[in-house]
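Trainee: What follows is the residue order along each chain.
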Amino acid sequence: MSALIEAKGLSVAYGPAAPVLNHVNFTLHPGEIVTIVGPNGSGKSTLVRALLGMVPAQQGNVSRARGLRVGYVPQKLHLDPNLPLSVARFLRLNRKLSGDEIAHLLSRTGASGLEKREMATLSGGQLQRVMLARALAGDPQLLVLDEPTQGLDQPGTAAFYRLIEAVRQEINCAVLSVSHDLHVVMSASDRVVCLNGHVCCEGTPSVVSNAPEYRALFGMGTQGALALYQHHHDHGTDHPDHPHDHETCSHDH
Amino acid sequence: MIIDAFVLRALAAGLMAALAAAPLGCFVVWRRMAYFGDATAHAAILGVALALGFDVSIFVGTLATAFAMALFVSALAGRGWAMDTTLGVLAHSALALGLVAASFLSGVRVDLTAFLFGDILTVRGSELWGMAAGTLGVLALMAWRWEALLTATISEDLALSLGLKPERERLILTLALALAVAVSLKVVGALLIGALLVVPPATARVFAKAPEGMALGAVIVAALAVVMGLGASLNWDTPAGPSIVVAAAGLFVAALAAGALRGGRQR
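Residue numbers (our numbering), protein chains in the order written: chain D, 248 to 500; chain E, 7 to 273.
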């Protein structure tokens, strides 16, 4: 089998409720970068979890390459402040690593020197890099990222995606990521899969964003609800009649 | 002072309860299960009543009831009931039901105070064996599943991706909790087992740098509290179980103060 993971007619349901995923066909090839997008509740995370065997399939089947090494970056960690957990100890969970290996892993993800920091005190960006370092520890053939940029601002998101690209260049693994942002995906994606209980459409980022199914699901842009605001002024001056939305501004300062 | 056999037995019982409760208590703290521990402990009173009614060992009766209670709570939580409310209903109902059931026992009059607040000074040699088995059971479960329990505590998804089963780890914690309740019942009583689970780990947290260090620190704090509480009880004739918990609380306050002083100097 040449594919890393192949799902055929995959349906997944939680309890007696209507299935979250309906007859999804999905194939992931070695070295491929695939991003899954979809509205809330479209089954993005469920698809990833079913592909990894973390939730059982109700119908259809999922086959994974024999001995597939997966590096999984979870959506979030439950870190109680009463749990004293250093970064080094986190990397060692269920895995034997030497001090040198830990230092090397952290340097690869731009998190050097964080070994002794407590996990609960890390910033969002640092936490993502540490979780990525952990995922890289098993020399994965496939890196799986569930909404990795949640809670990161735009420069943080861009930096994290650049880091993923650099890591992929280095070890040539496949990357399967879920994006919570419908409009911003890794530009390096070979394929974007637009999901809404079933696969609406898939293709390169530009093909998907022009597909009628994608437009029907997400509309044209954000229909004015959000704006990409271009600042043509420096921030020393004040524009009381001209408020700008920092949540969506999209240029470099 | 002459150390009598009953004092040694009390000390052994107290130290075993410390060993069983402290490492497990760390998970109770990390997973925010303090109320869950309380509900399981309160169910032990019902276990005592049932054990006396059906003439089985009190250790076995409390163990079975506490385990059943813990399973029941887990099942209800899985059905989407708000955990806080579920536990509030069950913890107090189990306690009240136990007290009512005990009142129906004819013949021997049962002194429930011993089970509510502990009666460590009357521990018999035969009881120590059951407690030792329970303590070994908890420690074996903790040592065997430590890494998996820790991973499942930090992220169930991460545990799943490593091929672990978080549900199984939860069941193991539940079983360990029931064992610890059965071991600690005679030491601090059903009403104060929750304190024995939570206070020593909270005290150890002030200085701990790693999960394992916190578990070890919690054992030391709990053992110290047992020795101090027993000493106070013998010297001043205070009730032993509550004295142990007061000693643990005193150590907690001392640790907080020491931690604040040390932190202040660093800054």
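Do not rely on the hints blindly, as some may be mistaken.
As the list claims (entries may be wrong) - EDC-like cross-link-like pairs, simulated, lysine to aspartate or glutamate; straight-line CA separation at most 20 Å:
1. E:215 / D:327
2. D:255 / D:449
3. D:363 / D:394
4. E:215 / D:386
5. D:323 / D:428
6. E:215 / E:173
7. D:323 / D:400
8. D:323 / D:279
9. D:323 / E:162
10. E:215 / D:365
11. D:343 / D:386
12. E:215 / E:243
13. D:363 / E:218
14. D:363 / D:347
15. D:343 / D:327
16. D:363 / D:386
17. D:255 / D:279
18. D:323 / E:61
19. D:343 / E:173
20. D:363 / E:173
21. D:323 / D:394
Keep in mind that the hints were calculated from the coordinates and are not lab data.
Trainee: Evaluate each hint against the coordinates.
Mentor: Comparing the hints with the structure gives:
| no. | hint | result |
| --- | --- | --- |
| 1 | E:215 / D:327 | holds, 14 Å |
| 2 | D:255 / D:449 | holds, 16 Å |
| 3 | D:363 / D:394 | violated, 26 Å |
| 4 | E:215 / D:386 | violated, 29 Å |
| 5 | D:323 / D:428 | holds, 17 Å |
| 6 | E:215 / E:173 | violated, 28 Å |
| 7 | D:323 / D:400 | holds, 16 Å |
| 8 | D:323 / D:279 | violated, 24 Å |
| 9 | D:323 / E:162 | holds, 10 Å |
| 10 | E:215 / D:365 | holds, 8 Å |
| 11 | D:343 / D:386 | holds, 13 Å |
| 12 | E:215 / E:243 | violated, 38 Å |
| 13 | D:363 / E:218 | holds, 15 Å |
| 14 | D:363 / D:347 | holds, 14 Å |
| 15 | D:343 / D:327 | violated, 24 Å |
| 16 | D:363 / D:386 | violated, 23 Å |
| 17 | D:255 / D:279 | holds, 19 Å |
| 18 | D:323 / E:61 | violated, 50 Å |
| 19 | D:343 / E:173 | violated, 24 Å |
| 20 | D:363 / E:173 | violated, 31 Å |
| 21 | D:323 / D:394 | holds, 9 Å |
Figure legend: structure checked against the earlier numbered hints; hints not met, in rising order: 3, 4, 6, 8, 12, 15, 16, 18, 19 and 20.
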